[in-house]
Amino acid sequence: MNAESVSPVDWPLDIHRVLEAAGIRQVSYVPDAGHAGLIRACQATPSMRTVKLTTEEEGVALAAGAWLGGQRSALLMQSSGVGNCVNMLSLVTACRFPLLTIVTMRGEWAEFNPWQVPMGTIVEPVLRLCNVLTYRVDRAEEAGETVQAAADLAFGGDLAVAVLLSQRLIGRKQWVHG
Amino acid sequence: MDTNTTAHHGNRKVMNRFDVTQRLVARLHKNEAVIGGIGNTNFDLWMAGQRPQNFYMLGSMGLACPIALGVALAQPGRGVVALEGDGSLLMQLSCLATIGTLKPKNLLILVMDNACYQITGSQPTATASNVDLVGVARASGLESSHWAADEPSFEHLVERCLAEPGPHLIAVRIDGKSATGSTERDPVAIRQRFMRGISTAA
Numbered sequence: 001m002n003a004e005s006v007s008p009v010d011w012p013l014d015i016h017r018v019l020e021a022a023g024i025r026q027v028s029y030v031p032d033a034g035h036a037g038l039i040r041a042c043q044a045t046p047s048m049r050t051v052k053l054t055t056e057e058e059g060v061a062l063a064a065g066a067w068l069g070g071q072r073s074a075l076l077m078q079s080s081g082v083g084n085c086v087n088m089l090s091l092v093t094a095c096r097f098p099l100l101t102i103v104t105m106r107g108e109w110a111e112f113n114p115w116q117v118p119m120g121t122i123v124e125p126v127l128r129l130c131n132v133l134t135y136r137v138d139r140a141e142e143a144g145e146t147v148q149a150a151a152d153l154a155f156g157g158d159l160a161v162a163v164l165l166s167q168r169l170i171g172r173k174q175w176v177h178g
Numbered sequence: 001m002d003t004n005t006t007a008h009h010g011n012r013k014v015m016n017r018f019d020v021t022q023r024l025v026a027r028l029h030k031n032e033a034v035i036g037g038i039g040n041t042n043f044d045l046w047m048a049g050q051r052p053q054n055f056y057m058l059g060s061m062g063l064a065c066p067i068a069l070g071v072a073l074a075q076p077g078r079g080v081v082a083l084e085g086d087g088s089l090l091m092q093l094s095c096l097a098t099i100g101t102l103k104p105k106n107l108l109i110l111v112m113d114n115a116c117y118q119i120t121g122s123q124p125t126a127t128a129s130n131v132d133l134v135g136v137a138r139a140s141g142l143e144s145s146h147w148a149a150d151e152p153s154f155e156h157l158v159e160r161c162l163a164e165p166g167p168h169l170i171a172v173r174i175d176g177k178s179a180t181g182s183t184e185r186d187p188v189a190i191r192q193r194f195m196r197g198i199s200t201a202a
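Line order of the protein sequences matches chains A and B. Here the first sequence is numbered in our numbering, starting from 1 and rising by one per residue. Here the second sequence is numbered in our numbering, starting from 1 and rising by one per residue.
Think of the hints as simulated: they come from the structure by calculation, not from any bench. Backbone N, C-alpha and C fix where the C-beta goes; we use that ideal spot for every residue, glycine too. Certain hints may be false.
Stated by the list, open to error - Restricting the straight-line Cα-Cα distance to at most 25 Å, the calculated cross-link-like pairs of lysine to any residue (SDA-like) are:
(1) 52(A) - 78(B)
(2) 52(A) - 46(B)
(3) 52(A) - 192(B)
(4) 103(B) - 145(A)
Claimed, not checked - A few chain A residues facing chain B, derived, Cβ under 8 Å:
(5) 22
(6) 44
(7) 51
(8) 57
(9) 66
(10) 68
(11) 69
(12) 70
(13) 71
(14) 73
(15) 130
(16) 140
(17) 141
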């Protein structure tokens, strides 16, 4: 978090409350600075098992396995990870697995690193091509309700849904220390 | 073509996949879940008996282990077996790091290593020359990782790994024989049958 993103609404904690209330038991992640607060909150929640992934597609498979085993899972990643997931999303579509993923965006508003731009700008069309529905969050007060809507749709309808947390919401990238 | 000649194997016997799969299935007495990765490994699992606790993953190469991990975390009281070929495991080697970190007690990975991408024309994999998958697994934190020396050794390892806290990995050198049949492919039917088989769907 940084000064620019300070808001009266603590959106990572709003998302955490929604995930907990939705009965999410496995939270997998490839870390991103934008997800740091949510990851910490999930790690501190006894009903949630957090799984540190090596690569995002592993999380797609883990979510499928969790559902097979009777649990709900959420996958946290940065937008660059969407590209890593493409082939694994075949599993989700073919078997009609629910998938809830929350993606912190890079490569858009106030991006300083041009290497992030090519993937960042194609996240939405790539997800749609892979049959993943996308909800975008630009304002802090919308984060909780949007994740709630996505969870309802994913687990109620056996659908894949991605919530994209925009770079404007997250704020300018700052390296997280400690 | 048999590419399974790597020097690090010494006297380890080259076994047959279908035979070994049958020996595994015969030792599943507690409704253990089995997640089959793609390819001939999957087909021989199907031919060894269509248990409702088998999930047949036929599309996304390399992720039988993380699917099995999700099941194992969700159902800690049930034994879960991930069945993979060497090519599939090589594609997602880093899943061993994740499993080595979490150390789920109820997970057994079984690797059928024929040292080649058999289904695409038996092109050699890296295990044909330089990779020892048991060594990789041990170095990733799966201390209970073993090569089966022969069929009796395999049976003993399976029984021990199903009885003792894991995670475990057993690797088997297998020959170049084709699978004995092929898996039916309806993905939704496969998912629903498995979920009924482990009581997570009505």
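Next item on the list: Find the hints from earlier in the document that the structure breaks and name them by number, from lowest to highest.
Entry: Violated hints (numbers, rising): 2, 3, 4, 5, 6, 15, 16 and 17; every other hint is consistent with the structure.
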